[in-house]
Amino acid sequence: MTTTTPQPLAEHGEAHGAHGGHNMTGFIIFLCSESVIFLAFFSGYALLKLSALNWLPAGVEGLEWRTPLLNTVVLVSSSGTIVLAEYFKAKEKIWLFRGFWLLTMAMGSYFLYGQAVEWGGLQFGFTSGTYGGTFYLLTGFHGLHVATGILLMAIMLIKSFLPGNYVGGEQGVQATSLFWHFVDVIWIVLFLLIYVWQG
Amino acid sequence: MPFPTTPEAMTTTPSLSQDQPKLSWTRYLGFSTDAKVIGIQYIVVAFFFFLIAGFLAMIIRGELLTPPADLVDRTVYNGLYTMHGTIMLFLFIFPVLNGLNNLLIPTMIGAPDMAFPRLNTAAFWLVPVFGSLLIASFFVPGGPAYSGWWSYPPVSIQNPLGNLISGQSLWLLAVALSGVSSIMGAINFVTTILRMRAPGMTLFRMPVFCWTALAAQSLQLIGLPALTGGAVMLLFDLTVGTSFYRPEGGGDPVLYQHFFWFYSHPAVYVIILPVFGIFSELFPVYSRKPLFGYVYVCVASFIIVGLGLIVWVHHMFPSGVTMWMRNLFMFTTMLIAVPTGVKVFAWLGTLWRGKLQLTTPMLFCLGGLINFVFSGITGIMLATVPIDIHVSNTYFVVGHFHYVIYGAAVMGIFAAIYHWFPKFTGRMPYEGLGKLHFVLTFVGANLNFLPMHPLGLMGMPRRVSSYDPEFAFWNVLASLGAFLLGVSIIPFLLNMISSWARGPKATHNPWNAIGLEWLLPSPPPVENFEEHVPTVISRPYGYGTGLPLVEHQAEIERQLILQEASA
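So the sequence lines, in the order shown, correspond to chains A and B.
Sequential numbering from 1 applies to the first sequence in our numbering.
Sequential numbering from 1001 applies to the second sequence in our numbering.
Treat the hints with care, since some could be wrong.
Derived lysine to aspartate or glutamate pairs resembling DMTMM-like cross-links, with alpha carbons at most 20 Å apart [as the list claims (entries may be wrong)]: (1) A:K49 <-> B:E1248; (2) B:K1505 <-> B:E1564; (3) A:K159 <-> A:E86; (4) A:K49 <-> A:E61; (5) A:K159 <-> A:E92; (6) A:K49 <-> B:D1252.
Residues of chain B clear of chain A, computed beta-carbon distances all greater than 10 Å [unchecked claim]: (7) V1268; (8) G1293; (9) V1443; (10) S1465; (11) F1471; (12) G1503; (13) A1513; (14) E1557.
No wet-lab data here; the hints were simulated from the structure.
No residue lacks a Cβ here, since even glycine has one placed at the ideal position from N, Cα and C.
Bound conformation, chain A alone (with noise of 0.2 Å):
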């Protein structure tokens, strides 16, 4: 959605705005859309966590943290190199641009990387309640998010070496770090709600 290319039409009537140059407008509202997904899921994990009787499964603890808290961090921080690839596009330092590009999707690898270790450790699956259940679908859902995000970079990365393609414009960059800021609110919510509340 954020790479639709411009249609042949938009060099006339930007006043009246013909076709292209509303991706932004598009992908706010897809974004708002989005968030009720989420929205959906987490009220629902607070309405099932609520009324249970026995919310742990026989046998399970509950969830460690602090490797967790790591890759949090880890995450939470790559918003801020996405920014600063986003000021250096800006500036048109392409390679510097390229570099905290590269170091933000990395941060996102990493923290799929943590999840994924973490998953392989646990002591309970999809099926082990309603526990379970919803615990794997909402990192599962929002994991589902990062690996989209990573993607998009990778392909923002891609067209950066198309030789005159990030002249002027935003080429997708700022819809795709738009994207990446609401991947890393949603995961803050997602940890205070999983991780932190514990009780």
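Take the given structure of chain A and dock chain B to it, following the hints.
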């Protein structure tokens, strides 16, 4: 007309059709990105599914002609009403309304096309994909989904045959794809309305149809993700054995009801709001008066959006919700009657002392309005907790929502099709067939759905294939009405096909209506006004005021008339 014609005025006219290549009808069969082609594709596909779901309704009413279950097997009957409701909503009403949005939004606001034409194409082509999935579920082992169109657990998470591909899992997949398609459409419609209006067209100079489309599509964006989330969890419960909704694993079946109705109640407003828009467009044209209370009608749409999001629990009064929730949601539900009432009085004020022209579209609007007021009254009855608990799951509810959806919404959609048919096909529909269609529809709908109210009050439950003989009288009447509705579609289809093929040629403005779309040739060229978009200088619906809608209006109209004379 007393406004100036300048040399520039000559350049503001739409491009003439001489330099347009003759467009082949085969463009309707391919992946077009033109909103006017996609609009007609949506409408035609929607009516294809309308015929299928209507056929299912005929079987259902045939079964209910007699008290015993004698026509179809009970399990088949469960599949029939499930698929009737699902197809009518997800494959008829939503696609047909998206078709109207595609045709009307760009032309009414003077945009050349939608904001994202290729997203538009993709959204449309998902419809036949999930439509085929749903139809395919008739042929899988165990038959189609049978848990009703709302698919409540625990019924919907039963999988007695143990197959991964069951009617229910295909149903969930189809509904999820339908959600994706609707979200893609909604992003497109909202962006187009917000960003691509003609110069001078402020929000309060925008036609009401666009206001209601904006309101309805905002509801899609807020509500649909909740249903999608709930459906994903249901799919996991059904296929991999999670227990989100399974009480034995700590889950809660009522949670699904919250997710479902958080979307599916607003979905009713997604359906009815554009129909309010159609009423607001058509009553001024055929009463020759400005729309009464234009600003209030616009604002009321968004009050309905806000309230529509906080009423869903009224569908769950018998589902073990707490007393304070019952009271709260009874109150918010009744509150919705206020903005809706504002609209009804605005239409009555428009009709009051107007020069009424009882054309086919006007008849459909008037009939739809009458049915809507009736369904609104039964809606207030149902909002009241004691009445709702008494008639819950009876035919009273079935009668109520069929009045809303067929009596009001589908009749409004027919009005819109007859009204804008000449604009987008360039041909006039036949009045005689249209009026016959109206009479059959109005009589058929009332004969079909009115008897359901006494049946419900007497205590006949919905979704049963056999019933007590004391209910037979009203059921026979309802079935006769249903068969009449089945017949009513014949003059409609005849009219559409024959008048598009060889109906009289339509001028650019056969109804003498005011609006940007009527300042385009019939049918409009591919990019509508292209770069010559007129500047809007006044509010819509200036009937009888003599005020022009756009700059150089007389010049534009003269050009169109000259062009029609030379063609």
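Report task. May I ask which of the numbered hints given earlier this structure violates, with the numbers listed in increasing order? Result -> Of the numbered hints given earlier, the structure breaks none, since each of them holds.
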